[in-house]
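Colleague: What follows is each chain in one-letter form.
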Amino acid sequence: MRDVIVVGAGGGGPVVAKELAARGLDVLLLEAGAAFEESEREWSHFENEANNPATGVFRFGPGDRTQPPWARDLPQNCFLWQTAGVGGSTVHYFANSPRAMPGAFSDFTGTDAADYDRAHAAPFGYRELIPYYEWVEHTLPVQTAAMGTKEERFLRGAAKLGLPHQTSKDTTVAAYRPQENAILQPQGTAGRTSDRKRLAYPSARGCTFCGHCPQGCVEPLKSPRNLRAKRSTHTSYVPMALTADRWTRGKAITLNPDSFAVRVETDGSHATGVTWRNTRTGALTTEVANVVVLAAGPVETPRLWLNSGLPNPNNQVGRGLTDHYLDYLVGRFTTYTGSSKGPTSAARLDFPAFGGLEQAGVSPGLQGQALTASDSGIAGFYDNGASVGAWGADAVGRLVGERLKRFLSNVDRLIGVALITDDDVLPQNRVTLSTVMAPDAHGPIARIEIRQRSPRTLKNREYLAARAVELLRAAGAREVIRVNLPGLLLHLHSTMRMGASASDSVLDSDAESRWVKRLFVADNSALPNGLGGPNPTLTTQALATRTAEKIFVRYFGGDPWIGRESPVSSVDDTVTQAVLAAGL
Amino acid sequence: MRQAPGVSRRELLTRGTALVAGATVLGRLPHALRLQGWLEDAYAAGPNVVAQTMNGLVAFIVPGRDTYSRAQGTKSKTPGGIEAGTTAVLTRTLDRFLPGPLPLSATAATILNEFAAQVDPASRKGTFASPFANLSFAKKARVFQTIEGLSSESAGSIRFLAGNLPDLVAFLAYSEAGVFDAKKRRLRARPVGWRLTRYTRVADGRKELKGYWQGRKAADPSA
Chain A
1 MRDVIVVGAG
11 GGGPVVAKEL
21 AARGLDVLLL
31 EAGAAFEESE
41 REWSHFENEA
51 NNPATGVFRF
61 GPGDRTQPPW
71 ARDLPQNCFL
81 WQTAGVGGST
91 VHYFANSPRA
101 MPGAFSDFTG
111 TDAADYDRAH
121 AAPFGYRELI
131 PYYEWVEHTL
141 PVQTAAMGTK
151 EERFLRGAAK
161 LGLPHQTSKD
171 TTVAAYRPQE
181 NAILQPQGTA
191 GRTSDRKRLA
201 YPSARGCTFC
211 GHCPQGCVEP
221 LKSPRNLRAK
231 RSTHTSYVPM
241 ALTADRWTRG
251 KAITLNPDSF
261 AVRVETDGSH
271 ATGVTWRNTR
281 TGALTTEVAN
291 VVVLAAGPVE
301 TPRLWLNSGL
311 PNPNNQVGRG
321 LTDHYLDYLV
331 GRFTTYTGSS
341 KGPTSAARLD
351 FPAFGGLEQA
361 GVSPGLQGQA
371 LTASDSGIAG
381 FYDNGASVGA
391 WGADAVGRLV
401 GERLKRFLSN
411 VDRLIGVALI
421 TDDDVLPQNR
431 VTLSTVMAPD
441 AHGPIARIEI
451 RQRSPRTLKN
461 REYLAARAVE
471 LLRAAGAREV
481 IRVNLPGLLL
491 HLHSTMRMGA
501 SASDSVLDSD
511 AESRWVKRLF
521 VADNSALPNG
531 LGGPNPTLTT
541 QALATRTAEK
551 IFVRYFGGDP
561 WIGRESPVSS
571 VDDTVTQAVL
581 AAGL
Chain B
1 MRQAPGVSRR
11 ELLTRGTALV
21 AGATVLGRLP
31 HALRLQGWLE
41 DAYAAGPNVV
51 AQTMNGLVAF
61 IVPGRDTYSR
71 AQGTKSKTPG
81 GIEAGTTAVL
91 TRTLDRFLPG
101 PLPLSATAAT
111 ILNEFAAQVD
121 PASRKGTFAS
131 PFANLSFAKK
141 ARVFQTIEGL
151 SSESAGSIRF
161 LAGNLPDLVA
171 FLAYSEAGVF
181 DAKKRRLRAR
191 PVGWRLTRYT
201 RVADGRKELK
211 GYWQGRKAAD
221 PSA
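Here the protein sequences line up with chains A and B, keeping their order. For what it's worth, my numbering labels the leading residue of the first sequence as 1, then goes sequentially. For what it's worth, my numbering labels the leading residue of the second sequence as 1, then goes sequentially.
Accuracy of the hints is not assured; some may be wrong.
[Unchecked claim] Partial chain B-side listing against chain A, Cβ under 10 Å, derived:
1) D66
2) T67
3) A71
4) K75
5) L102
6) Q145
7) E176
8) A189
9) G193
10) K210
It should be emphasised that the hints constitute simulated quantities derived from the structure, not laboratory data. Don't be surprised by glycine CBs; every beta carbon is placed ideally from N, CA and C.
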């Protein structure tokens, strides 16, 4: 019998696993996808090899790449970008780690409080979460991003708009800043040479400005796994969890890759274990545990819940999906921007109660993909009656043909701006089980419905689009395109939301299920709302740390440790020695 | 909007609505094709028709110096998606994405071709066996406009498929996909997309560090 079984080794699950393993608990961590034990060999800088949705290393599918990906029912124009495997979507994420907007929490009393989705505020205060943020920021660690050319131009443009430079981690007013990123900043030769011979660890340490964040990060070459620049959980929390008996007096977790959870076991009122299917052999295994933590992501966690036949008395499981209703604007410049180099996103603007903007620089394939995905038809031909504004942009819609080629004629003269909307929780937007597509080996598949946007969400997105055009013009863009993305589903949250009211939430204020005790949720689905717009991973990890502490105190008779102890960083020498000794 | 002679947008939408009546999800698209009498066309669409349709699509998104680009009226001095080797990877991606008795590439090709024939009936006879590939650039745009304009609830899967085709093509055309040797895990040639965008190459690091904004290397502690 395990103390705890955690389902999912993505952004949140490994946080719970590491924290409880460090307390000495016996933790089993299940991951549906690949182990990525030899990531330096398995991963690739090449865009299609990494990110092809059907065949890429980072697709949402089984570790055996000869098998097709796992299907989802997506009944609208949208693109769902998720990765299965140890690290989950943090292997391809940009590592942006801002804290949430205080207005998304119950204790917010600002004069603009009414401008937030207060009906779905977090059931506890922002101030309560700060120590957990600090713990995670030290553990990952999170650092202020250095600049390349694209960041320099972005930040200069932002300064011209008259906004202040934010120097704190907490956002209180509209401001610009370098990102707080879960990326080790460049030291030694990193960022200072393009010569591969000089880029191996330890000559190079931290971010080498290679420009391949979406393809995973194995830089600097030959670095120990826990010292790689980008702090995916594959690099940070998982190695710490696997070596908790070495760097501290804990118990190393058991990690089972290729293990797709198909049922949460209960005795009717308490979780008692998990049954999973080995994706390579098809074998089913059940283990019992004192506590079960679901962290399979905001799509698969509600699917697992529903497929397990767990209670759903208020019909809220899967509902309330928020996705930041992302958009993308791109400016074309007459001079070098270095858009394909350096960390994908290292500068941002935040507009409390509206959302934010972040600089995005990618390689040609992803840049081309982003410029051709739209709900506004083809620029110059038709617009589908989309009611979005140009706000001074030269075109709205996807670019195709010669216009696309002309715009993309120099990828290093572009600056992309991702628009992240503070969007409202609506019950119509949800994850449910598909009744029209065939079940797979793990049961009925998930259906993701994006049905409606609230007037506030639409207003916020237009406000941010206008600011993005101003920003790009101020930075010197000669031509600006607003793509008007359809659903680009990569910030997904709140499908198992925690809330103050039992009538419209699945989890209580401690992230424990309201109807099945000893069952917790620790991924983005547990978030109460869209956080006001900031990228969700850091907040999910802070919340997962808080959840781990709640579990330890409530069910294992332990004492809380946040605020009483000092965290050990995942790049601490004790961890490095443990990782090397364990042969990770 | 640019109208094709003889077929109104309303008529196109009416025909399209009939198609989607049974196509609530990608997996049921073959069923919907059968209802339209298109399923036989889809199965009969030999590899040549599917490949021609995919070529017509690739040339539409990233035109080049190839015959498909010239057929749609595009005069490009630089190579495009077809020279990049996109077509084969596109077909493979679609067919791997949703395996079934009817390959997704054939389903996609049939939908594009049937709507192409409705946009311009003359496209059934032309240089290519694929009506879509025979269309002008503007009429290809109208095919997408028609598909994206399908408003019924059950059209979601078609909107999903049609909505993702352009960006999938662009992603593949501008990436290394067409020249990547999967066994050796290296490139057979410099990708066309890299040439078109003046992309340097993949690298383990770049000399691009400019320092820190205002010299600040850390945020202030929490208040």
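Colleague: Please go over all the hints and tell whether each is borne out by the structure.
Modeller: Cross-check of the supplied hints:
Hint status for D66/B: violated, given a least beta-carbon distance of 13 Å to chain A, over 10 Å. Of the supplied interface hints, the one on T67/B is violated, with its beta-carbon coming no nearer than about 16 Å to a beta-carbon of chain A, more than 10 Å. Interface hint status for A71/B: violated, as the beta-carbon distance to the closest one in chain A is roughly 13 Å, over 10 Å. This hint holds: K75/B has a C-beta 8 Å from the nearest C-beta of chain A, less than the 10 Å allowed.
Here the hint on L102/B is broken, as its CB sits about 14 Å from the closest CB of chain A, past 10 Å. Interface hint at Q145/B: satisfied, since its Cβ lies 4 Å from the closest Cβ of chain A, which is below the 10 Å cut-off. Checking E176/B against chain A: minimum C-beta separation of about 5 Å stays under 10 Å; hint holds. The interface hint given for A189/B is violated, since its Cβ lies 13 Å from the closest Cβ of chain A, which is over the 10 Å cut-off.
At a threshold of 10 Å, the smallest CB-CB gap from G193/B to chain A is about 5 Å, leaving the interface hint in force. Restraint check, K210/B versus chain A: the minimum CB separation of about 5 Å is within 10 Å; hint holds.
Hint compliance for this structure: hints 1, 2, 3, 5, 8 are broken, all remaining hints hold.
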